[in-house]
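Please work from the sequences and hints to get the whole structure.
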Amino acid sequence: MVSTKIYGYAVGENSRSISNYIAHELLTVDWQLGHYQPKLFANNMKHADLLVIVANLSCTEGLIKIEKMVKVAENLAVTTVVFLLHPKQQLNKLRSIKKLTRKLTRTVA
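So the sequence shown is numbered by my numbering: it starts at 1 and just counts up by one.
Honestly, the hints are just simulated from the structure, not real lab data. Some hints here could point you the wrong way.
[As the list claims (entries may be wrong)] Below, simulated PhoX-like cross-link-like pairs (lysine-lysine); rule was C-alpha separation at most 25 Å, straight line:
(1) K99 with K39
(2) K99 with K5
(3) K65 with K39
(4) K46 with K65
(5) K65 with K5
(6) K39 with K103
(7) K5 with K39
(8) K103 with K46
(9) K71 with K46
(10) K5 with K46
(11) K103 with K71
(12) K68 with K39
(13) K46 with K68
(14) K5 with K71
(15) K39 with K71
Structure (structure tokens):
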């Protein structure tokens, strides 16, 4: 079976808890906490099959980061998915994200 290399970034409020939750559930995912470092990110994307970004809607400054990350991933032909969370619906959304990411992993592989 071919291994799918997934990179995930959590951006915004509660990004640490989002990262911990999803990384724990999806052990194949290399999660970062919204600390966007352009050179490191671009290098990671050279080896990625799938990029998953989870962002809290209350974080407007994070949208600029997300835009930059998506642009880099697109240039390297990496499949990208962005989930925007409403603060009041986070737990339900995280469960959905976990399920969808598992399906995407099988699809991309």
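Of all the hints numbered above, which does this structure not satisfy? Sort the numbers upward. 1, 6
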